[in-house]
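A.B. asks: Whole structure, please, built from the sequences with the hints as guidance.
The primary structure of each chain is shown beneath.
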Amino acid sequence: MAAILTPDVIALLDSAETIKILATVDANGAPDAVEKPSLHHGGDGTIHVLEFLETSAANRNLTHAIWFGGSVSIALHGADGHRVQIKGRPVKLHITGPLFQKHYVRARETLGDVDLAGVWVIEPDEVIDERFEKVRAREDAAHPDFIHLDRIAV
Amino acid sequence: MVALLKEIYRAEPSFDEVLAEHPRFPRLIARKIDVQRRGVHYTEAAEKAVDPAVHQLRSPYIFGSRDGEIKPLPESLLLRDGTTILVDPTPLDQNPYVVDYRDGRFVLLDDGQRVEEVDLWPKPSYYDKLTTSGLPMSHIVSARPQRLNVFQSSFCYFWADKEGCQFCDIVTHTKQQRDEIGVPNRLRPEDVKETVAEAIKEPGRFTNLCLTAGSVTKGKEIFDLEVEFYIELLQAIGENFRTKKFPSQLIASAFNEKQLARLYNETGLTSYTTDLEVLNEELFGWICPGKARQVGYQGWKQRLVNAVDIFGRGNVGTGIVGGVETAQPSGFKSEHDALQSTLAEADWLAARGVTTVYIVWVPRPGSAFRDQKAPSLDYFIRLAKGLQDIRASHGLKVDFDDYRRCGNHPDSDLARLQ
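Chains W and P, in that order, are what the protein sequence lines are. For the working numbering, count along the first sequence from 1 and bump the result up by 592. For the working numbering, count along the second sequence from 1 and bump the result up by 4.
Source of the hints: derived by calculation from the structure; they are not laboratory data. Nothing here was measured: the structure is a model prediction, and the numbers come from that model. Mixed in with the good hints, there may be bad ones.
To be verified - Estimated spans, in silico, between C-beta atoms of each pair:
(1) W:D717 / P:P27: 16 to 24 Å
(2) P:S137 / W:A608: 33 to 41 Å
(3) P:K337 / W:L703: 54 to 62 Å
We put the beta carbon where it would ideally sit given N, CA and C, even for glycine.
C.D. replies: Quick look at the structure:
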C-alpha cells in the first residue's frame with residue numbers, strides 16, 4: 593500500500609526552494625546520494641525524478657532497484673526548515689511518450705541545451721517527518737533512558 | 005500460409021522455476037526474452053483499445069512475422085522499466101503470451117495470469133505524413149521507441165543465388181510487403197532525407213538511426229555496389245544534421261577496409277555492424293551458405309576486426325541469431341555445448357574490440373528453418389548474461405546498440421548496469 597503524500601509534503605516536493613536529495617544503492621550495496629532539483633510530485637501520489645544522464649550512478653541504481661525490488665530514499669529540506677524523508681520504490685521509467693516529451697521540452701526551455709534520459713516514477717512507501725523536534729520527541733518516547741545524566745542533575 | 009509446428013512450452017520448466025535458477029538475472033529482461041521467444045496474441049479487448057491516433061501500428065519491417073500476415077495490430081510493447089520488446093503477433097495454437105486490456109491498461113497474460121503491465125509504442129507524428137513523391141513516410145522510415153529504421157532494400161543477393169541464410173525470411177517478406185501494402189523495393193535517398201527531416205522535428209523522440217538491407221554482392225569488388233548505395237543514402241540523411249557525424253548504425257555486409265574507410269570518411273556514420281549470425285565456422289557454412297562461400301567465416305571475422313581500426317573500439321559489432329546454433333540436424337545437440345562454443349568465440353571477438361549482441365531466434369514461417377524449435381528460456385538467459393559479462397570484462401561499451409538505441413538484444417539490456 594503506497595503512502596499518502598500530504599499537501600505540505602507535496603508543497604515541499606514542488607517548491608524550487610527545497611533541497612532535494614535522492615539516495616540509492618548499487619548492486620554491491622554501495623550508496624549514492626545526489627541532489628535532484630528536478631524531483632517533484634507526479635500529480636497522482638507518486639514522485640517523478642528527471643534523469644538527465646543515462647550512465648549516472650543514480651540512473652543505474654534506479655534500474656537495479658526496479659529490476660530487483662530495491663528501494664530508494666528521498667530527503668527534502670524546505671526553506672522553512674521542514675524536513676521529510678520519503679522511502680519508496682521505482683515503479684516505472686518513461687523513456688518515450690507524452691509524459692517524457694512534456695518534460696523533455698520543458699527541461700530544454702528552462703535549462704538550455706540539455707538531454708533527458710528518462711523520467712522515473714517513485715511510489716512512496718513511507719513518509720517520515722524529520723524535523724529535529726519531531727525526531728527527538730519520537731526518540732524520547734521510545735527510549736527514555738537514552739539521556740546524559742547531567743541533563744537531569746539537580 | 006505455411007503450417008507451423010505447435011510448440012508445447014508448458015512441457016518446459018515454468019518461468020518462475022527457470023528464474024529461481026537465476027536469482028541475479030532481472031525478471032523483466034527474462035520476461036522480455038520469453039515474450040520474444042513465444043510471441044504475443046492480442047485479445048479482442050486489446051485490439052479495440054488500440055487507438056491508431058496514439059499507438060504505433062505495424063509498419064514495414066525487414067523481416068516477416070510469426071503469423072505470416074500483415075495486419076493493423078500494435079507494432080510492439082514497452083515494459084515498465086523502459087525495456088523494449090520487439091515481438092510479433094503469433095497464432096494462439098503456438099501458446100503465445102496474451103495482451104489484454106483490463107481496467108484501462110494493457111496487460112500481459114501468461115496462461116491467463118496477469119504477469120506485467122505493458123505500454124504500446126507511441127506513434128511518431130511523422131507517420132501520418134506523405135513524402136513529396138506521395139509515399140507514406142511510415143513506409144520509408146519506420147520507428148522504434150527511440151530509433152529510426154531505414155530498410156533501403158529488402159532484397160538479398162545471397163537469396164538470388166539460393167544461398168540465403170536458413171533462419172531468414174527477408175525476400176519472402178519483401179515480396180509480401182510490396183504486394184499487400186505497396187512498400188517500394190528500393191528507397192530513394194530524397195524520400196529518406198525528407199522523412200528523416202520530418203521525424204526529427206519531434207522533440208525528444210529519436211536518439212539514432214539504423215540502416216540495414218539485404219546483401220548486394222555486385223560490384224568490381226564484392227559489395228562495392230552495396231557500399232555505393234549506403235554512401236548515397238547516408239550523405240542524403242546527413243544533410244539533416246549540422247554536425248558531420250550523427251548517431252547512426254549500419255548493419256550491412258562484411259566490407260573490406262577500403263569500403264569501410266569510404267563509409268567512415270564520406271558519411272556521418274558512427275558505428276558499423278556486420279552479422280556473423282552464428283559463432284561457429286562449421287555451422288556458419290551450413291546456416292549461411294552464401295556468406296560462407298563468398299567471404300567465409302574467417303574472412304568475415306577478420307573484416308570485423310579490421311573495422312575496429314576505422315570506427316574505433318566499442319563502435320563495431322556483430323549480431324547473432326541466438327539459439328540458431330541448436331538448429332537440427334547439424335547444430336549442437338546440447339545447449340551447454342552450444343553456449344560454451346558461442347561464448348568462447350564472442351570472447352575472442354571482444355578481445356579485439358568487437359561486441360557481440362544476440363536476438364532471440366524465432367523460427368519464421370517464411371524461412372527454411374520454419375519447423376525448428378528455439379532453445380529454452382534458460383539458454384537465452386545464460387546467453388544474455390554470458391555476452392554481457394564478456395563485454396564488461398573487456399571494457400567494451402555498446403552505446404550504439406543498447407536498450408534505447410536498439411532494444412532488440414537482451415544482453416545489451418543488461419549493459420544498463422555496466
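A.B. asks: Take the hints in turn and mark each one as holding or not.
C.D. replies: Now for the hints, and whether the structure bears them out:
| no. | hint | verdict |
| --- | --- | --- |
| 1 | W:D717 / P:P27: 16 to 24 Å | 23 Å, holds |
| 2 | P:S137 / W:A608: 33 to 41 Å | 50 Å, violated |
| 3 | P:K337 / W:L703: 54 to 62 Å | 57 Å, holds |
Checked against the numbered hints given earlier, the structure breaks only hint 2 and satisfies all the rest.
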